[in-house]
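As they're listed, the protein sequences go chains A and B. Counting from 1, one number per residue, gives the positions in the first sequence under UniProt numbering. Counting from 1, one number per residue, gives the positions in the second sequence under UniProt numbering.
Accuracy of the hints is not assured; some may be wrong.
[Said to hold, decoys possible] Simulated pairs of lysine to any residue, SDA-like, Cα-Cα distance not exceeding 25 Å:
(1) B:Lys160 - A:Val57
(2) B:Lys163 - A:Thr27
(3) A:Lys36 - B:Gln99
(4) A:Lys36 - B:Lys73
(5) B:Lys113 - A:Arg5
(6) B:Lys113 - A:Ser40
(7) B:Lys73 - B:Thr33
[Stated by the list, open to error] Computed footprint of chain B on chain A; a stretch qualifies when at least three of its residues, placed anywhere within it, have a C-beta under 8 Å from a C-beta of chain B:
(8) 15-29
(9) 39-47
(10) 56-62
[Said to hold, decoys possible] Quick partial rundown of chain B residues pointing at chain A, CB under 7 Å, derived from the structure:
(11) Asp100
(12) Glu101
(13) His105
No wet-lab data here; the hints were simulated from the structure. Glycine included, every Cβ here is placed at the ideal spot set by N, Cα and C.
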Amino acid sequence: MLKNRVKELRARYGFTQSDLGTQVDVTRQTIAFIEKGEFSPSITLSLKLAKALQTNVNDLFWLEEDVDHEK
Amino acid sequence: MKNDFRMQYPLWMMGFIVVLGIFLFGVNSPETTEIVNTEVEQSILVEYGLVQGFIIVGSIILYLIMLLIFYIKMRRHNTMNPTQKIPSFAIRPPEYLEQDEGMTHITRIASQKVYTFMTWSLPALAVFAMFSPLPRIYIVLSILAVALLQYVIYYREIRKHLKEEDE
């Protein structure tokens with residue numbers, strides 16, 4: 001399963017879901033789906049989100065099993 | 001999102017199907033039916049009682065009122081959302097929410113559920129229509145029931161995702 005830090009970073013920068021959605025050109029609902037891990041965003045959207053949240057894709061998204069392997 | 005007319009569209013369709021079913025039920029419940037078919041005269045006399053008449057006229061009036069409200073709401077939606085207009089006559093269902101990849105994702109899940117339902121319900125309906133000894137009205141009502149259920153499945157799935165998202 002794809003995990004992410006979108007909610008955490010969004011809160012850090014004080015963005016609402018609508019603010020972030022506007023920046024990356026998607027609806028607020030889609031930001032909410034991503035934060036819940038309900039769907040995996042495309043590479044394009046992932047790159048846009050990473051740029052808007054001033055990070056890189058690897059820090060923003062990771063696979064849950066990768067973390068398990070590292071433990 | 002709650003006020004997005006495309007979200008409400010399946011509910012309207014469900015409403016129209018139910019009213020159509022009520023109308024069909026009323027039309028097919030005559031108190032007297034007299035068919036004359038001779039060499040000199042062909043005629044059909046159908047008489048409805050008070051209750052049946054009320055059902056028929058009431059459902060027609062209700063349908064027209066719903067159609068008017070539906071049309072007004074659709075026009076309002078089209079005025080407020082010029083980039084996402086709902087055409088009056090379109091083959092593509094307007095309830096698809098595909099303005100971005102997240103909405104496309106939930107539309108796909110809902111559409112898959114409807115498709116799954118259709119793959120077994122239509123053959124079952126065809127078998128029912130072929131072998132059922134029941135009058136034709138029940139076949140028509142069964143078709144309406146399938147049409148109604150597909151909207152119920154679609155709406156419930158979309159609503160589930162957007163309800164969770166609202167919380």
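Now the hints, each set against the structure:
1. The suggested pairing of lysine 160 of chain B with valine 57 of chain A is violated, with an alpha-carbon distance near 29 Å, which exceeds 25 Å.
2. With a C-alpha separation of about 15 Å, the suggested pairing of lysine 163 of chain B with threonine 27 of chain A holds against the 25 Å cut-off.
3. With a C-alpha separation of about 19 Å, the suggested pair lysine 36 of chain A and glutamine 99 of chain B falls inside the 25 Å cut-off, and the hint holds.
4. Proposed proximity of lysine 36 of chain A and lysine 73 of chain B is contradicted: the alpha carbons are some 33 Å apart, above 25 Å.
5. Simply put, lysine 113 of chain B and arginine 5 of chain A have alpha-carbon atoms about 31 Å apart, too far for the 25 Å limit, and the pair is violated.
6. Restraint check for lysine 113 of chain B and serine 40 of chain A: satisfied, since their Cα atoms lie roughly 20 Å apart, inside the 25 Å limit.
7. Taken as a hint, the lysine 73 of chain B and threonine 33 of chain B pair is broken in the structure, with Cα atoms around 41 Å apart against an allowance of 25 Å.
8. For a cut-off of 8 Å, the count of residues in the stretch 15-29 of chain A with a CB near a CB of chain B stands at 4, and the three-residue condition holds.
9. Beta-carbon proximity to chain B at under 8 Å applies to 4 residues in the stretch 39-47 of chain A; the threshold of 3 is reached and the given coverage holds.
10. Residues of the stretch 56-62 of chain A lying with their CB closer than 8 Å to a CB of chain B number 0, which falls below the three-residue condition for coverage.
11. Hint status for aspartate 100 of chain B: holds, given a least beta-carbon distance of 4 Å to chain A, under 7 Å.
12. For glutamate 101 of chain B, the interface hint holds, the least distance from its beta-carbon to any beta-carbon of chain A being 6 Å, beneath 7 Å.
13. Interface hint at histidine 105 of chain B: satisfied, since its Cβ lies 4 Å from the closest Cβ of chain A, which is below the 7 Å cut-off.
The structure shown violates the earlier hints numbered 1, 4, 5, 7, 10.
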